[in-house]
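Undergrad: From first to last, the protein sequence lines are chains A and B.
Residue numbers for the first sequence follow UniProt numbering, so the first one is 1 and each next one is one higher.
Residue numbers for the second sequence follow UniProt numbering, so the first one is 1 and each next one is one higher.
Take these hints with a grain of salt, some might be off.
If you anchor each label on the Cβ, the simulated ranges turn out as follows [what the hints assert, rightly or not]:
no., chain 1, residue 1, chain 2, residue 2, range
1, A, A200, B, Q200, 35 to 43 Å
2, A, P48, B, K112, 52 to 60 Å
3, B, P77, A, F129, 35 to 43 Å
4, A, S214, B, Q271, 50 to 58 Å
5, A, A109, B, S110, 54 to 62 Å
6, A, W68, B, P77, 39 to 47 Å
Which stretches of chain B does chain A cover? Using the computed rule of at least three CB atoms under 8 Å from a CB of chain A, they are [claimed, not checked]:
no., region
7, 38-48
8, 73-83
9, 120-134
10, 158-170
11, 177-185
12, 188-198
13, 265-276
Anything over 12 Å on all C-beta distances counts as not near chain A; from chain B, calculated [what the hints assert, rightly or not]:
no., residue
14, E63
15, G66
16, K88
17, A141
18, A204
19, A210
20, L221
21, D256
No wet-lab data here; the hints were simulated from the structure.
Note that the structure is a prediction, hence the values are computed from the model and not measured.
All C-beta atoms, glycine included, are put in the ideal place defined by N, C-alpha and C.
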Amino acid sequence: MRPRQVALHAVLTIGGLAMLFPFVWMLLTSFKSVRQMLNNPLDWLPDPWRWENYPDALAAMPFGTAYWNSFYIAAINVTLTLLTSAMAAYAFARIRFRGSEVLFVVFLATQMVPAQVTIVPLYLMLAQFGWIDSHLSLIVPSIANPFAVFLLRQFIRAVPVELEEAARIDGAGRWRCFWNVVLPNIRPGLGALGIIAFLASWNSFLFPLIFLNSPELATVPLLLSQFSGGRTAVDYGLILAGSAIAVVPMLIAFLIGQRKIINSMAASGLGGR
Amino acid sequence: MAILTEARPQVARRAKGVRNRDGWWAAFFLGPQLTLLAVFLVFPLGFAVVLAFMRWDGLGQKEWVGLDNFAAQLSDPEFGLAVWNTVKLALLTAPFGLALALLIAVALNSVKGGGFYRVLYFMPVVTSSVAVALMWQIILAGDEYGVLNASLERWFGITGPDWLGDPGWVIVAIAVVTIWSSLGLNVVIFLAGLQTIPPQIVEAARMDGAGSLRIFRSVTLPLLSPTIFFSTVVAVISSFQAFDQIYVLVNPKYNDGARTIVYQVYELGFQDFQFGMSSAAALILLVLTLLVTLVQFAAQKRLVHYDT
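Starting from the given sequences, assemble the full structure and let the hints guide the process.
TA: Written as structure tokens, this is what we have:
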């Protein structure tokens, strides 16, 4: 038994180091000078440490604004996604109406259409709305989320119907049942979905790339991509300082909430089973 | 008797009233999602189908061209290359990525104190794809910056290829980065699947004299097959949709080897402003995705066990 455990740990450690290396290398390189990178690409430690890379990166790119943009877009998007998809999920799980099953299948089928397929017509439509180069283009369309409805429906079906019936006998209407009985009982589901939706919004790149033009509207990933693309002389020290500014706060948030975040993503991967 | 017969119509009426009111409630609860879905997903899809049969640059006259856009795309060697690159990416990412994830998940499942590793493997999953691409750029770069090639040169005397510049290697490089960044998600999904396998079954197999490998092949693998199937479908679909990392890692504009279908859709639509062509390419992507998924579901009937 003993040598087997050692072998397993060895496999996991080697894999883990491969996971860690790009992050470590990014951090170390973010303190290096271009000259050092060119002359000694295999040096681990920066020599000298160029702390200026960070102030320089912050001066070159408005990270503060980008962080705020990414945050408030994700926050509004997640709140509205949770509310509207919980409502729809409640209807599918608890209200009997004609065509309910057919509608649900249609709902799920729309999920098969990747966003990339509709990107041109979506752009043209948002242009008609006057939403191009506006954060509305990132907040609103992605609230439509069949997967979220599907996931929450699973959670609502697991809530005992008796709870709701008891509330209805006490005179509660549909909305009260939904808001005061069902929602509190699917908190784990809402939490998991909230995390998934937040990450999806925060890390989204294609939509901001196409829908936004003004630099002050950029989200963090968009800003980062412009940072690398826009310069002629590639200063990787600066670019990686920018990457670190974008990545490290998210990683710290991840480490704090890791158990919940990982479990949410795993559950969603299994389709809420 | 009389009371009962009199009561009946009233009950029926009340039931009908409840159902009617339920209809309104259903409309109210479904309304927001349904409206958004219709406006931002169903309508654009219909619009894409119409656009695919038109020539339009967004400003001038729209002009019906029938199947010309499809014909132009399907006979364009650049589009053919994009389809081939997309398929290559899926064929590299799905099998190798999932096999690796399975290996790690099985190891994690039989080791004590795996929580630390779980966090380690999951870090790339929560990291922005743009940042991931930039991190890998300094590792894979073919010029003086690239750590990988500098290491190969120093320790093995091998001159590595220009991973991101050489059209023959770039898909391999993209596949490596994709596998790296999605490994953690597949690992935790497999791990969750492994933990649903009842230990009694494994125990029983062991009592019957089955070794570890035999247990893996005859117990673990069949019982995990629904999860593996699901992950395969997701992995193939997401490599069909890959864009972010490719766009930042290697701008396919300068390296045809990295052109994928989604990149073609993007370039035709938002660089060349050929909205009709772009929509046609997008619909071909949709049909390909559906076809591949159908094939996978057909294969599932033979390969996946759902009885526990």
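Undergrad: Are the hints correct? Go through all of them and say.
TA: Status of the hints after comparison with the structure:
no.	hint	in the structure
1	A200(A) to Q200(B): 35 to 43 Å	holds (39 Å)
2	P48(A) to K112(B): 52 to 60 Å	violated (44 Å)
3	P77(B) to F129(A): 35 to 43 Å	holds (38 Å)
4	S214(A) to Q271(B): 50 to 58 Å	violated (19 Å)
5	A109(A) to S110(B): 54 to 62 Å	violated (40 Å)
6	W68(A) to P77(B): 39 to 47 Å	holds (45 Å)
7	38-48	holds (count 9)
8	73-83	violated (count 0)
9	120-134	holds (count 14)
10	158-170	violated (count 0)
11	177-185	holds (count 4)
12	188-198	holds (count 5)
13	265-276	holds (count 5)
14	E63	holds (16 Å)
15	G66	holds (19 Å)
16	K88	holds (18 Å)
17	A141	violated (8 Å)
18	A204	holds (20 Å)
19	A210	holds (16 Å)
20	L221	holds (17 Å)
21	D256	holds (19 Å)
Hint compliance for this structure: hints 2, 4, 5, 8, 10 and 17 are broken, all remaining hints hold.
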